[in-house]
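The numbering of the sequence shown is this note's numbering, which starts it at 1 and goes up by one.
If you are wondering where the hints come from, they were derived from the structure by calculation, not from laboratory data.
Be aware that one or more of the hints could be misleading.
Stated by the list, open to error - Here are the simulated lysine-lysine pairs, BS3-like style, with alpha carbons at most 30 Å apart:
id	residue 1	residue 2
1	Lys67	Lys34
2	Lys67	Lys153
3	Lys11	Lys130
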Amino acid sequence: AILMPSKKRVKVSGVYIDEGEVGFASVGENVRIKLLGVEEDALSSGTVLCCSLSPCPVACKILAFMKVMELLEHRPLLTAGYTCVMHVHTAREEVMLGKILESSDGKKKKTNPQFVTSDCLISIEIMLSKPMCMEEYEACSQLGRFTLRDEGKTIAAGRVTKILEFA
Numbered sequence: 001a002i003l004m005p006s007k008k009r010v011k012v013s014g015v016y017i018d019e020g021e022v023g024f025a026s027v028g029e030n031v032r033i034k035l036l037g038v039e040e041d042a043l044s045s046g047t048v049l050c051c052s053l054s055p056c057p058v059a060c061k062i063l064a065f066m067k068v069m070e071l072l073e074h075r076p077l078l079t080a081g082y083t084c085v086m087h088v089h090t091a092r093e094e095v096m097l098g099k100i101l102e103s104s105d106g107k108k109k110k111t112n113p114q115f116v117t118s119d120c121l122i123s124i125e126i127m128l129s130k131p132m133c134m135e136e137y138e139a140c141s142q143l144g145r146f147t148l149r150d151e152g153k154t155i156a157a158g159r160v161t162k163i164l165e166f167a
């Protein structure tokens, strides 16, 4: 097995449900896993345990489709260069928004707008401050959904449509 995004090779030596060791677990079950080859303090939020033959993609830049909700009162415009925090599965990292490729407020569509306001749908490039494990939504919805938060408030929710740069 391999831990992503660190690419650290590990061996699963035990799977536990409650206090008992089991030979396998079904989808959706909460388990504890004993790993050999890694210290517990090397694990952090956002780490994904993968089959070494099929590691999870690690992105640096993505294309996303998202719903902009209510922006902050003192930051009412979302533009290229806007910084906020992205939450994907258990990971949380600062991101910078890039070029807005398309926007729609339900009435009209705009191509390459300079900014958008609250309550619209957009297609946008997003640059991550650190590489993060994620998938395109079509490949794995759980790793392809995200929220954007600013000052503790959710400002957008969306889907990864394409990974533009891999780590």
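**Asked** Which earlier hints can't be squared with this structure?
**Response** 1
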